[in-house]
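Colleague: Spelled out, the chains give:
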Amino acid sequence: MAIVGMGGAFPNCKDLNDFKAKLFKGESLVRDWDLALAHGKNIRSTVSGFITEKEMGLEAIYSTLAENYPETYIDTLGRIPDGNLATADVGSIWAMLGTRDAIKMAGWTIRETESEKTGVVIGSGGAGHVILRTAWHNFFELKRKTRIAGSHTVDRAMVYRDAANVSCLIKNKGVCESIGSACATGLGNIGYAYRLIKFGIQDRVIAGGVEGTSLETFIGFDAMQVLSKGFKASESSRPFDTSRNGFVCSFGCGIVALEEYEAAKARGAQVLAVIDNYHNNSDGAGNMFFPSFSGQKRLWKGLFGDSAIQADVVKVHGTSTPVGDAIELLSVVDVMGEDGYQIAAPKSQFGHMLGAAGAVELITAIFMLQNQQVLPCLNSESLNPELESFQKIPEWDGPDKPLDAYRHLISRQTLAKEVNRIVCLNYGFGGTNSAMSISRNN
Amino acid sequence: MERQEIITGLIEILRTVRTIDPSKLDNVTEDTDFIADLNTPSTEMINIAAKAEQKFDVEFEDDDIDDLGSKVKDIVDLIIKTKQKI
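Listed in order, the protein sequences are those of chains V and W. In terms of the numbering used here, the first sequence has 1671 at position 260, counting the first letter as 1, and numbering is strictly consecutive. In terms of the numbering used here, the second sequence has 74 at position 60, counting the first letter as 1, and numbering is strictly consecutive.
To be clear, the hints were calculated from the coordinates, so they are not data collected in a lab. Cβ atoms here follow ideal geometry from the backbone N, Cα and C, with glycine treated the same way. Warning: the hint list may mix true and false statements.
Partial list, computed: chain V residues near chain W (C-beta under 8 angstroms) [to be verified]: (1) Leu-1476; (2) Ala-1497; (3) Ile-1559; (4) Pro-1796; (5) Leu-1798.
Using the sequences and the hints given, assemble the complete structure.
Modeller: Have a look at this one:
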């Protein structure tokens, strides 16, 4: 399976190339967020890898009927037709823009794009919260008529709005669906697309994940007290660091164009990376939030089966939460051993993009294959020199060394290295786990 | 309120509806059909009605909106009829 195109929306970046350059320079894309700061003491965390409308070349047209309601958007760069913008929330617009770039990079013809063998599989972690908030507020609180929020609250807020808007833009005649698996959504959609091609159902698929900038989404996590607090913006996302205290809630979009390998080669396409396999499972532990060491180990087993487990880089989920990072590092070490590979945690640079995370981070893995460099894990200053509490219980059957013993696997700077294969890992609430192995095209 | 004054106000509303080609709004008359002539998506009709309520300071009955025809004169008639009830 070939990845032949990519695109998306990235915090504080002009485009895909700018994103790539900033990542390898070791920059943080996390900023203080004015929208969060405006709520003073009512909000706990105020940093984010957010994206503004202006940064994406968009301008909101506000309704004259409902206060602060973006009735539609104008694409100031003329990339998306007005009719398509009218049915899209901001995340769906990013998905359309990313798709446009991915198809251009893939070199698909209009005939290929519009064929029955072309699918669209894109998902989002949240609903169209910005849109729903206005509709519900006007009806339930202000006691106004349903029509005040207009007739586009459904198409701009429905679960598969990103896929639907992209499909309406590119006019494909194959599958159009969304997979939802919380923070594994981005990788889950690409994995599902991989299977559609592998099983011969589609020849090519536009796939990815989106999480549109939304304070409505942010505050849910803020209330859970799982967001990073107390550091300056660029130091807030600190996977594996001893002082980590939560993730940075961020937003973005990652879109890739997948194509059956032989077909891509036959038409002379540039193959960015090859997907070796995809596997997903559930913890089966009956716990919505707590990560599962055994579930993550089974994930690896499913990904490689009877083949030797081998990777030059493990792109981890690495959110910067206290328990999540510890379990994940130990499960990777348990499977991969104590050396011979590097761990990359790109959330250290842009935070956790929720439903977009797996897709955007897959794109960062492609960057690592292209550059033969491993991205830095910013702010991982010190790892715990003592055993984690769960390592001390009798039932623990994982590594018996503290996280600090694996310091050498995690670089704080960009690292030159031969990179032929990368395993990408993402997990989500509900105990869902996803893994994809990608390799350099030979 | 004169019918032409209402039509002028409706055209101002239509210029805010991004799914309508603005070039089609130069020759709107009472016989212009929103759907057939302006290619207005049927889902936009409720947006146009809601904006007309605001612009002309009226509140349509739901049944009247359900029965509303797709020509400009239909909504002009409804605005005048609703204003007469006030």
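Colleague: Does the CB of Leu-1798(V) sit less than 8 angstroms away from some CB of chain W?
Modeller: violated (60 angstroms)
Colleague: For the hint on Ile-1559(V), does the least C-beta distance to chain W fall short of 8 angstroms?
Modeller: holds (6 angstroms)
Colleague: Holds or violated: Leu-1476(V) as interface residue toward chain W, Cβ cutoff 8 angstroms?
Modeller: holds (6 angstroms)
Colleague: May I ask you to test the interface hint for Pro-1796(V) with respect to chain W, counting a Cβ-Cβ separation under 8 angstroms as satisfied?
Modeller: Given a least distance of 59 angstroms, the restraint on Pro-1796(V) is violated.
Colleague: Can you verify the interface hint for Ala-1497(V): is its Cβ closer than 8 angstroms to any Cβ in chain W?
Modeller: holds (5 angstroms)
Hints 4, 5, counting from the list given before, are not met by this structure.
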